[in-house]
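S.K.: Listed below are the residues making up each chain.
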Amino acid sequence: MSESILNVKNLQVEFKSGSIITRAVNGVSFALNKNENIGIVGESGSGKSVTATSILRLIPSSSAKITGGEIILNGRDLLKLSNREMRKVRGNEISMIFQDPSTSLNPVFTVGNQLIETIRAHKKLTKKEAKQRAIELLELVGIPAPEKRINMYPHEFSGGMRQRVMIAIALACDPKILIADEPTTALDVTVQAQILNLMKDLQEKLDMSIIMITHDLGVVWEMCDQILVMYAGRVVESAKVEDLYHNPLHPYTWGLLESQITESQDSHAPLASIPGSPPDLSYEIKGCPFVDRCPYAQDICHNEAPKLIEPTEGHAVACHFQTETEKLERRENAYINGDTIRS
Amino acid sequence: MKRFLFRRILQLIPTLFIVAIIVFFITRMLPGNPAAVMLGPQASAEDIAAYSEQLGLNEPLHRQFFDYLGNLVKFDFGNSLSYNQPIADLIMERFPNTVILAISALIIAVIIGVPAGILAAKKQNTFLDYFITTFSLVGVSMPIFWLGVMLALYFSVNLGWLPSTGMGSLDNGLWDFLSHLILPSIALATIPTAQFARIIRSSMLETISHDYIKTARSKGLREFIVINKHALKNALTPLLTVMGLQFSNLLGGAVLTETIFSWPGMGLLIVNAIEKRDFVVVQNTVIFIAVIYVVINLIVDVLYKVVNPKINLDSDKGGA
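These protein sequence lines map, in sequence, to chains A and B.
With the first letter of the first sequence counted as 1, position 319 gets the number 319 in the working numbering; the numbers rise by one all the way through.
With the first letter of the second sequence counted as 1, position 176 gets the number 176 in the working numbering; the numbers rise by one all the way through.
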């Protein structure tokens with residue numbers, strides 16, 4: 001078992017709007033190992049992005065609050081750090097890249113300016129040295145003619161090139177952890193692969209771990225060692241990627257896998273989808289959060305929330321019917337066309 | 001850039017032509033014969049008729065208008081009858097005074113309004129925000145003639161701290177100059193200050209919600225840099241627009257403020273000229289102010305490019 005560098009324990013995040021409290025993240029725990037990548041998947045609103053942004057404490061303080069849990073990095077609980085100490089973590093020990101590079105770079109400063117300020121925020125370098133480092137970084141992420149490009153503005157770059165710049169900024173201070181919040185979602189399909197390959201290359205070169213937030217399982221197969229499936233602010237299944245691929249346990253994961261388009265798929269066959277929508281997290285959920293959409297739901301699922309259990313070593317699932325005594329059988333086409341088959 | 005400047009200077013011609021038409025005919029609509037006004041109540045009918053003839057007031061209106069345009073094209077502003085002085089000299093005498101007042105008002109407005117707006121946005125929905133928003137609402141709705149009179153009444157008449165009229169001179173020391181400047185520039189700065197605060201607040205709020213602000217924070221930058229570098233520069237465009245308009249307004253002569261504080265600037269010049277029915281002064285001063293407006297707007301458009309590199313001044317879609 002490799003050494004874990006980041007431990008998230010029982011993270012709780014609430015959003016408050018007037019008197020309505022939404023539990024966006026409800027008891028999420030995971031460990032990130034050195035040189036390993038973890039993929040967090042789930043649909044919109046499942047809490048995956050909030051989990052990731054909470055690690056850097058970047059959720060908007062006016063409306064959201066981390067109400068519980070621990071985020072341990074090198075023996076320190078990030079949630080207990082002062083703002084000043086937290087600033088030294090951001091961009092230095094943990095960096096983040098975002099979904100849409102066209103909005104996440106500041107349009108009124110040159111990319112060089114945005115790179116250099118990051119370097120100088122954490123490292124004692126002169127302007128000249130920082131500029132040299134910035135040029136090296138741009139070269140590292142595969143931007144041609146970096147000496148020239150460094151004086152250009154974000155709008156003078158293509159989408160893929162902008163994401164490369166974002167990656168260069170994120171890697172400016174050799175962070176040990178990179179959080180990538182849907183880094184390829186806003187890009188063209190052809191560019192997506194380039195960016196993923198670049199991230200993979202850099203990870204090996206720079207000896208870091210990546211937390212990859214995505215709703216694209218293909219990205220996870222490609223990039224990650226561990227996978228965390230989130231639903232309604234909770235982890236419903238977590239496993240090694242190959243375990244989950246060959247032996248998924250949670251009905252929600254089954255649905256996710258079925259709704260992927262595969263190469264062998266008959267182009268006329270209907271696409272599978274999970275009918276319904278996730279529960280409203282501003283209400284207390286009594287039973288399993290997936291119950292209303294689960295084709296396998298039973299009485300107990302409505303009344304009792306399943307705990308996260310580990311039926312096999314390193315593979316956890318939150319379902320009443322994945323214990324040793326009760327084992328749910330996965331059925332073919334349970335999700336096709338939204339036909340829920342209730343037993 | 002060259003194309004842009006050339007186009008804008010070309011646009012100046014129709015603008016000024018239209019302004020000239022409007023001012024010319026509006027001044028002609030003023031009641032009272034200028035010759036009679038200038039000669040005073042004691043003048044005889046013959047004197048007035050003779051003087052009118054001399055002034056060319058008996059010519060048909062269109063002749064008068066074309067004469068005026070002809071002089072304008074030759075940059076000949078003519079002579080003021082009431083001041084007995086070339087109008088160009090009059091303007092050059094008064095304009096620097098207005099510039100001094102306008103710049104001090106603008107400085108006050110920027111120094112107070114911009115930080116207040118930033119602060120209100122940063123502390124959105126707190127007491128401080130409500131306080132600033134309320135004050136800026138009061139500020140933009142403030143009747144300046146009343147505020148000016150109250151300032152003069154309190155600080156000059158009651159407390160006797162500051163002079164209430166006229167303009168000081170540096171020859172009498174810095175304090176003489178500044179003390180005359182303080183009250184009128186405060187009165188004049190009130191509306192722009194409040195307006196800047198409101199504009200900056202709303203555009204900062206819009207900017208702060210952008211992704212690049214989250215990026216800036218994720219890089220570990222200090223909050224001061226996040227707000228005052230990353231957010232502020234993006235929030236400047238709307239401020240620039242309002243600032244340009246306000247500044248050209250101020251340069252056009254703050255009629256009310258200059259009248260209250262007897263500040264010898266463009267505003268007072270126009271008011272006096274209207275009272276004396278000195279048409280040529282009114283017309284040429286207004287034309288001069290129109291040129292100032294256009295020039296300031298041009299500068300603002302060039303500044304857009306400085307603030308936002310995405311703006312391309314030479315393309316038809318761009319900032320122009």
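Hint data in this document are derived by calculation from the structure and do not stem from the laboratory.
Because the structure is a prediction, the values reported are computed rather than measured.
Just so you know, not all the hints are guaranteed correct.
To be verified - Below 20 Å or equal to it, Euclidean Cα-Cα: the simulated EDC-like pairs (lysine to aspartate or glutamate) are:
| no. | chain 1 | residue 1 | chain 2 | residue 2 |
| --- | --- | --- | --- | --- |
| 1 | B | 122 | B | 211 |
| 2 | A | 148 | A | 129 |
| 3 | B | 233 | B | 206 |
| 4 | A | 88 | B | 206 |
| 5 | B | 123 | B | 176 |
| 6 | A | 286 | A | 299 |
| 7 | A | 9 | A | 222 |
| 8 | B | 229 | B | 206 |
| 9 | A | 205 | A | 222 |
| 10 | A | 80 | A | 70 |
| 11 | A | 65 | A | 36 |
| 12 | A | 200 | A | 174 |
| 13 | A | 123 | B | 206 |
| 14 | B | 310 | A | 100 |
| 15 | B | 310 | A | 156 |
| 16 | A | 80 | B | 223 |
| 17 | A | 65 | B | 223 |
| 18 | A | 124 | A | 136 |
| 19 | B | 305 | A | 313 |
| 20 | B | 233 | A | 156 |
| 21 | A | 176 | A | 70 |
| 22 | A | 88 | A | 14 |
| 23 | B | 122 | B | 206 |
| 24 | A | 176 | A | 36 |
S.K.: Now tell me if each hint is right for this structure.
M.R.: Each hint tested on the structure:
{"no.": "1", "hint": "B:122 - B:211", "result": "16 Å, holds"}
{"no.": "2", "hint": "A:148 - A:129", "result": "17 Å, holds"}
{"no.": "3", "hint": "B:233 - B:206", "result": "12 Å, holds"}
{"no.": "4", "hint": "A:88 - B:206", "result": "27 Å, violated"}
{"no.": "5", "hint": "B:123 - B:176", "result": "40 Å, violated"}
{"no.": "6", "hint": "A:286 - A:299", "result": "12 Å, holds"}
{"no.": "7", "hint": "A:9 - A:222", "result": "26 Å, violated"}
{"no.": "8", "hint": "B:229 - B:206", "result": "15 Å, holds"}
{"no.": "9", "hint": "A:205 - A:222", "result": "17 Å, holds"}
{"no.": "10", "hint": "A:80 - A:70", "result": "9 Å, holds"}
{"no.": "11", "hint": "A:65 - A:36", "result": "29 Å, violated"}
{"no.": "12", "hint": "A:200 - A:174", "result": "15 Å, holds"}
{"no.": "13", "hint": "A:123 - B:206", "result": "32 Å, violated"}
{"no.": "14", "hint": "B:310 - A:100", "result": "18 Å, holds"}
{"no.": "15", "hint": "B:310 - A:156", "result": "9 Å, holds"}
{"no.": "16", "hint": "A:80 - B:223", "result": "19 Å, holds"}
{"no.": "17", "hint": "A:65 - B:223", "result": "19 Å, holds"}
{"no.": "18", "hint": "A:124 - A:136", "result": "17 Å, holds"}
{"no.": "19", "hint": "B:305 - A:313", "result": "61 Å, violated"}
{"no.": "20", "hint": "B:233 - A:156", "result": "19 Å, holds"}
{"no.": "21", "hint": "A:176 - A:70", "result": "19 Å, holds"}
{"no.": "22", "hint": "A:88 - A:14", "result": "25 Å, violated"}
{"no.": "23", "hint": "B:122 - B:206", "result": "11 Å, holds"}
{"no.": "24", "hint": "A:176 - A:36", "result": "11 Å, holds"}
Going down the numbered hints, you'll see the structure goes against 4, 5, 7, 11, 13, 19, 22, while the others check out.
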